[in-house]
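A.B. asks: Going down the list, the protein sequences come from chains D and B. Sequential numbering of the first sequence, starting at 1, is according to the working numbering. Sequential numbering of the second sequence, starting at 1, is according to the working numbering.
Calculated from the structure, these hints are not laboratory results. Positions of the beta carbon are idealized from the N, C-alpha and C atoms, including for glycine. Treat the hints with care, as some may be off.
Derived PhoX-like pairs: lysine-lysine, alpha-carbon spacing no greater than 25 Å straight-line [said to hold, decoys possible]:
| id | chain 1 | residue 1 | chain 2 | residue 2 |
| --- | --- | --- | --- | --- |
| 1 | D | K200 | D | K82 |
| 2 | D | K173 | D | K31 |
| 3 | D | K33 | D | K173 |
| 4 | D | K31 | D | K128 |
| 5 | D | K208 | D | K128 |
| 6 | B | K11 | D | K136 |
| 7 | D | K136 | B | K34 |
| 8 | B | K109 | D | K33 |
| 9 | D | K158 | D | K31 |
| 10 | D | K195 | D | K128 |
| 11 | B | K11 | D | K31 |
| 12 | D | K208 | D | K176 |
| 13 | B | K34 | D | K173 |
| 14 | D | K176 | D | K31 |
| 15 | D | K195 | D | K205 |
| 16 | B | K11 | B | K109 |
| 17 | D | K33 | D | K176 |
| 18 | B | K109 | D | K136 |
Part of the chain B face toward chain D, derived, beta carbon under 8 Å [what the hints assert, rightly or not]:
| id | residue |
| --- | --- |
| 19 | E12 |
| 20 | G37 |
| 21 | V40 |
| 22 | F41 |
| 23 | L44 |
| 24 | E61 |
| 25 | K64 |
| 26 | T65 |
| 27 | S67 |
| 28 | D68 |
| 29 | Y70 |
| 30 | I125 |
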Amino acid sequence: MSGTLILQGNSFDPYYNLAVEETLAGYCAGKYKALYLWQNDNTVVIGKNQDIHDEVDLEYAGTHDIRLARRVSGGGAVYHDKGNLNFTFAGSQNETDVIVRAMTILGFNVQTTGRNDIEIVSDRISAKFSGNAYYKSGCTCFHHGTILIDTDFDVMSKVLTPDKDKLEGHGVKSVKSRVVNLCEVMPTITVDDVKSAIIKAFEEKFGKSDAISITDLDASEAEKVRVRLASREWIYGC
Amino acid sequence: MSERNDRQYAKEHEWAIFEEDGICRVGISFYAQKELGNLVFANLPEVGDTVTAGTPFADVESIKTVSDVYSPVTGIVKEINEALLDSPELINEDPYNAWFAVIENVTDKCELMSAEEYDAYIETI
Chain D
1 MSGTLILQGN SFDPYYNLAV EETLAGYCAG KYKALYLWQN DNTVVIGKNQ
51 DIHDEVDLEY AGTHDIRLAR RVSGGGAVYH DKGNLNFTFA GSQNETDVIV
101 RAMTILGFNV QTTGRNDIEI VSDRISAKFS GNAYYKSGCT CFHHGTILID
151 TDFDVMSKVL TPDKDKLEGH GVKSVKSRVV NLCEVMPTIT VDDVKSAIIK
201 AFEEKFGKSD AISITDLDAS EAEKVRVRLA SREWIYGC
Chain B
1 MSERNDRQYA KEHEWAIFEE DGICRVGISF YAQKELGNLV FANLPEVGDT
51 VTAGTPFADV ESIKTVSDVY SPVTGIVKEI NEALLDSPEL INEDPYNAWF
101 AVIENVTDKC ELMSAEEYDA YIETI
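Based on the sequences and whatever the hints tell you, model everything.
C.D. replies: This is how it looks when you write it as structure tokens:
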């Protein structure tokens, strides 16, 4: 097996997908670099140290079947649907250049921001389409992020409440950003196009990589992580 | 030399001061806080928790990055520095005094370095 791996997700379940990500990071620790591409349907994912009550309209989420998840990395709340693609670079601390390169391959003009986000830049627009976050524990680490391709911004703006004022508590506050879907700039673009471009950029940087499947990971370990990430205690912090 | 020589250092960049029999005060090094950048959140263990040398016992968040902090010793948490929960920036401002926890009943420890050895170790990273 070469030193680099590619894993494509096969589920839209956030707890399962986040568990696969964490298990993959453990699998890669000190040995491999891996690219994992995955999607969640209708899910809010908050940062490790956020207060869910500050970040999410829980009533709206409840009436719209939006699942709530908490990740182990830092940063703010994001909304995922099938118009959003997630990427994870396991065994890497930062591979932003791969995403920038993938966007260049697709024909977008992009730039990174001071908050580690990636923006589309054109004459008429300058807005974020990719939010990024990081996790490190000894030699286990990953960089992951979102790519907005054709996400429902109406739902996003209703379920996320970054401006909600709250006096008590001191969780990490989300910063509301001006966001853009890639399809607004390039109407024909698909999730598969973006996946292909990221794989191409990853292999340009690291060489031909081995495709692995979720069955190559320790299923009982992934299940243990999934149960932890789906628990009320982890998500709500109580 | 950037680190203080009144304490010892672990490879994962924590410092440890052995205060009296079986009691150890723990924090993170100047190098660690500098590498992490401005900290916006700190999670600490609870008093009474058992911590194990070489495994995570706390974590900190800088801009979008959560990093685990490893315990240099095995023992029981006697005290935590609650000021860090409200003011994690204290770790950046004064990492030598911004202790994370005091561990008692210490029964084991990681391989620890002197400040001089730790400075040399940092050079190799």
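A.B. asks: Find the hints from earlier in the document that the structure breaks and name them by number, from lowest to highest.
C.D. replies: Per hint list: 2, 3, 4, 5, 8, 9, 12, 14, 17, 20, 23 and 30 violated.
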